[in-house]
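Residue numbers (my numbering), protein chains in the order written: chain A, 1 to 390; chain B, 391 to 780; chain C, 781 to 1170; chain D, 1171 to 1560.
These are calculated hints, taken from the structure and not from any lab test.
We put the beta carbon where it would ideally sit given N, CA and C, even for glycine.
Any given hint could turn out to be false.
Unchecked claim - No more than 25 Å apart at the CA atoms, straight line, and that leaves these computed lysine to any residue pairs for SDA-like:
1. Lys1106(C) / Gly1558(D)
2. Lys497(B) / Lys1391(D)
3. Lys321(A) / Gly1022(C)
4. Lys614(B) / Thr1396(D)
5. Lys1225(D) / Arg785(C)
6. Lys1394(D) / Gly1407(D)
7. Lys727(B) / Arg1205(D)
8. Lys1329(D) / Pro1222(D)
9. Lys497(B) / Gly726(B)
Claimed, not checked - Label pairs and their computed distance ranges (CB to CB):
10. Arg964(C) / Glu38(A): 35 to 41 Å
11. Asp1049(C) / Glu435(B): 55 to 61 Å
12. Arg395(B) / Thr112(A): 39 to 45 Å
13. Arg395(B) / Gly1252(D): 20 to 26 Å
14. Gly388(A) / Lys520(B): 56 to 62 Å
15. Gly761(B) / Gln1408(D): 29 to 35 Å
16. Glu489(B) / Glu1269(D): 29 to 35 Å
Protein chains: 4
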Amino acid sequence: MSGHRAGPHFLQIPGPSNVPGRILRAIERPTIDHRGPEFQALAKEVLEKVKPVFKTKNPVIIFPSSGTGAWEAALVNTMSPGDTVLMYETGQFSTLWSELATRIGLKPEVITGDWRHGVDAAAIEDRLSKDKEHRIRAVCVVHNETSTGVTSRIAEVRKAIDAAGHPALFMVDTISGLASADFRHDEWGIDVTVTGSQKGLMLPPGLGFNALSPKAIEASKSAKMTRSYWDWASQLGQNPSGNFPYTPATNLLYGLKEACDMLMEEGLDNVFARHERHAEATRRAVRAWGLEIQCLEPKEYSPVLTGVVMPDGHDADAVRKVILEKFDMSLGAGLGKVKGRMFRIGHLGDFNDLMLAGTLAGCEMGLRIAGVPIKPGGVQAAMDYLSGNA
Amino acid sequence: MSGHRAGPHFLQIPGPSNVPGRILRAIERPTIDHRGPEFQALAKEVLEKVKPVFKTKNPVIIFPSSGTGAWEAALVNTMSPGDTVLMYETGQFSTLWSELATRIGLKPEVITGDWRHGVDAAAIEDRLSKDKEHRIRAVCVVHNETSTGVTSRIAEVRKAIDAAGHPALFMVDTISGLASADFRHDEWGIDVTVTGSQKGLMLPPGLGFNALSPKAIEASKSAKMTRSYWDWASQLGQNPSGNFPYTPATNLLYGLKEACDMLMEEGLDNVFARHERHAEATRRAVRAWGLEIQCLEPKEYSPVLTGVVMPDGHDADAVRKVILEKFDMSLGAGLGKVKGRMFRIGHLGDFNDLMLAGTLAGCEMGLRIAGVPIKPGGVQAAMDYLSGNA
Amino acid sequence: MSGHRAGPHFLQIPGPSNVPGRILRAIERPTIDHRGPEFQALAKEVLEKVKPVFKTKNPVIIFPSSGTGAWEAALVNTMSPGDTVLMYETGQFSTLWSELATRIGLKPEVITGDWRHGVDAAAIEDRLSKDKEHRIRAVCVVHNETSTGVTSRIAEVRKAIDAAGHPALFMVDTISGLASADFRHDEWGIDVTVTGSQKGLMLPPGLGFNALSPKAIEASKSAKMTRSYWDWASQLGQNPSGNFPYTPATNLLYGLKEACDMLMEEGLDNVFARHERHAEATRRAVRAWGLEIQCLEPKEYSPVLTGVVMPDGHDADAVRKVILEKFDMSLGAGLGKVKGRMFRIGHLGDFNDLMLAGTLAGCEMGLRIAGVPIKPGGVQAAMDYLSGNA
Amino acid sequence: MSGHRAGPHFLQIPGPSNVPGRILRAIERPTIDHRGPEFQALAKEVLEKVKPVFKTKNPVIIFPSSGTGAWEAALVNTMSPGDTVLMYETGQFSTLWSELATRIGLKPEVITGDWRHGVDAAAIEDRLSKDKEHRIRAVCVVHNETSTGVTSRIAEVRKAIDAAGHPALFMVDTISGLASADFRHDEWGIDVTVTGSQKGLMLPPGLGFNALSPKAIEASKSAKMTRSYWDWASQLGQNPSGNFPYTPATNLLYGLKEACDMLMEEGLDNVFARHERHAEATRRAVRAWGLEIQCLEPKEYSPVLTGVVMPDGHDADAVRKVILEKFDMSLGAGLGKVKGRMFRIGHLGDFNDLMLAGTLAGCEMGLRIAGVPIKPGGVQAAMDYLSGNA
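With the rest of the complex left out, here is chain A (with noise of 0.2 Å):
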């Protein structure tokens, strides 16, 4: 094999995605003083940018770590051991979640779920209810579940908890939802929203994102779980002054600012539109192969990606092999319960028609040379709809 492919890789994952010329020039610049008055005026600057991609006028923590990260931190800054903390199965990363939780010493109490829709609230109002001792200390839930490609309705889930008068904290993990999918921190009652860098926002993995409300800052003045590296106070302490408590990840923090510009010229409510039309075009390709559809529930697609459902007998990680090696495109692979019968098409990020165009031809084009009784005319379908055609 050659040391050389022609033509660019396509990313098409859901994340890390295609980051940016714009975004890799910025992390390039030379790293600076993180204590002088160059980085400390960027640092401000960019913990104020980044507050109206998560629609929030609360502050955004930013640790130099994965999305994994933020999921920890959330919960030792506000919870106490042995707390029980009430979860929602959507996929395989609200269940790794949850498995967190329980190394750390929560118990959570996970409502099991089919991975093929997004959070039912009633679940949630139902348990909450019940719950009059009030032992939950916690709802979380996952945005955009990156396993399956459902997108759970979060305002539904607040509605849930007030109306069974329950005052859990409300957490929400939109690592790959955030700036590809409508969010709202403020406006939906989230008290912690956990994020990372490779997503929505275009970077390359290393910054893990909370959002915080009044309510959880209050929280974490009693939490009783020990924490440094993820404790919210040093930060709340030292951001103001453009400053962070160890050494932050300066060149990420330049592509971010360049990310959040980025954003804000195209417009949020213009990148969600985008994200939801190449949602489609790729669903109407999928049903013109002939293909299901991992999200069941129409409200509950994903803007971010597509769970292609295998039929049986054939294997997702072969076609993706396939896909990877004669169309250099990667995809990504079924998880945890669903390995092998589903694959996952990214069109999330920094990403428009034509790329969509080429990542729908080669699945089109890998799932017929893997042998996939498929039907061809999924890119026509994309494009008829693309074009106003359909």
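Guided by the hints, dock chains B, C and D onto chain A, whose structure is given.
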């Protein structure tokens, strides 16, 4: 208009081609002393590495210039004022070359063509046979006519010159052909090959090249046109020690080294096969749309670009405008006498199947949006071919 | 204030160090699928290439984190709640590490120091000898104390532990020492080495490291502190296949590979000798100015940075401000209890003689402009040494 | 020899100068369609932004070429075969320009100089006064003679031409002067200014420039030298719409826009003052070493570079070799008739005080190591001046 468009621009003009990141990063290295040992080692390496790309063992001259400069260099080094050169009108670029010859004091004799065929070797032979006095000092043809998508059969032109027993120098412009279409400087008995950096070599524009033959070098010794910047002798004198007679375009030479490495890693034959494959897929798309290909001779189809003829009453430039605005893709305009009557799809340089699918999708959707009466199915036809299902 | 300052900024804090262009360009490459074969090959390569930098054959764990995170990781993987750890106060960073230990529920016992000497191995031996019940579970020291410019003799601490016959784990922070100062994880019998990316490794901040010993791994199996993000077992389980338990900081790993290559190309011994030479030149400059060096023990002079003590009545931060404004150079502040009383000159990482000369010139000129009563001749003294004329 | 040298190379030849990262990152952007609207907007912007750098309101032509090409362009656009041009020998580059003139069929008449002074305006006036028939068609002088470090007083040459009442065109090479030394195309009545990208403009080499006057444009209409690549008329016809007659060096134009922005952000007067200051500091160092400055006339000291004369019996190239090997710094060689007898220190372009200190330290140490009998104290003298303690 916002300052940011999501996703990459599709630069599908027939050059400059999409510059791969690996080359851009090479070019971004700090400039060094062009008289120091590090540069001299680089220069010697590059001057050797570029030879196999031309399939030559003879010297290759590199100018800081556009390809147009390399045309001028070819003529002023070998001709004397008032000399007759035989040229063949394959399209806009062969026409520009003959205009240049006139400007600098030569007498081009042009065999007219219809812009839909390549060089007629028999016509060359016929003309040379009649030139008993050998007043024609050079035969100048374009290998890959960028304005039409017609690739002339250079080996046959060589045979024609030989059959006529004529001593004229043989000069070939392969500005858009080299490193995408098969080209053999030595085997085809070419005396001066003219090219530029921004097509198959995958670099930004800024370098012009002349590959020489011993006969061309000999001719340059008695040629009487004045020359300084373009003078081969100064280059040939300095290049063996890794020097240039004036400051070279250092950073583009960094990129050229990288480009040569990439071409050799992939293998030139693989590069040519890749382009032939993409050209065939493109033609299948064009035919499926019910449109005509500018090139009328299958043996002369260009692997570099495809000229697409508009139906009467439809303006190619209006289509290009729609595609640029809606799909962020640049296509080539019809030039000169075919302005508005055709557009050109570049499929050269650092390019792969999914980029091609995106490119063709942009054309198909744009043609429909622009109201051109095409049949859908072009992308499908291309995919059928690319995936072995044709 | 204009937006542009001519020439490069001199980043002469003791880390982050000046990131070389070669590493920045590596980091700028597009992010790839962290679950795909290309990444897995990269990860395996990097995980091996980093070992000789620590002089270890044991596993090295890489976290997306700051160096502070790597401290926390070292403790939570090996300790149980309430465990006693013996620490030695060499300066601000050893102090921060003990505060971190307290925060996460350990009981640090700190041997106080004067911030002008390194670890007193005899004091360690004395204390361990008295710990007959082996309640001390770990000895934690800082190799190169970044706040003072004192490099402790780690081999002697190892000997002290052995002499006391004590089974405590031996943990060493070499965040600012690794790859600039000689460091030998295996030979010195270190159980956990803690470091970060932004000093001798010449990367931007964002990676934390733990080098392990078999004894540390064994201890981690019974250690009872809760952990998830920092959990070694998850890393050790996945790393052999080129995977990480959560999304790694892909682009910094590109840079890490390049950094390891650069260190090996130069040769670690040459790297250390270069730093020793620059440190000696710096100290000669400081002495020529008539100023005091913070480190009082010649055997403990840091090759990484030099702490310069201000004469009474002169504020180090005012000097630093002058130097930043007039000469665009960042120097390190005095931290904690020496704030304002000293500044720190970083001479670590990707650094050479002429950068050092510029650095010392900036200090000498800035000190004079700030009105500090120094003698000129510091740069001269450094040059005399560097050029072999001392 | 290892492949890696620590720290940045000091590129202190008098051009190419150190290219700032901001410009390198601009150049690294993907190449775009040079016939599309985005490029046209860029071209129009650049063609305007470059004018104030020349202090002109007249057109500036930009060629993909070296500065040598811009010399040729100046002559072939304005002269007719056999024309006489008056030139003044200030050093190697003025000599090369006269050789070029001869090569292309002009008759240069050269007023000889001693390479240690600038243009003698009185000699020009004297010669022109005698040319009653106005056979001299142009006066061609070098503003900043790169080979010697002598900056001619261009305004006085203009006065001399006027005093002689002579109609010759006035052409000035400011290849190494522009954007480092004060230069005023319009005010000084220059007809053609010749420059390149790789000096004060801080770009890599690859762009040549001609700034014009109405008189020069008028002259070009009747000038009879053949020209095509260098033809102004083609450029002047296309530039107003943001086009060029052939493919421009797109990526260098990205850099040129950035360079113009940087110069305007700093302010041209500040740029000039910075260079004057560094030149004075350099001369003080040279004098402190006890060495001679090549330029003998204080009014003509170059702010761009300083030529340092070797004591008898010492070879400047041997010193340069020592400095390159020991200190990774490139200095300029003595050229032509002063080869080996002097070296040149470039202090142009993107340069600051600490870079200068490092540069002078490299010279001082290298001179001593090479055994040149100098007095120490050069860097000290420079620092004294730079810090206001002289």
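- [ ] Sort out which numbered hints this structure fails and list those numbers smallest first.
- [x] Hint check: 11 and 13 fail, others pass.
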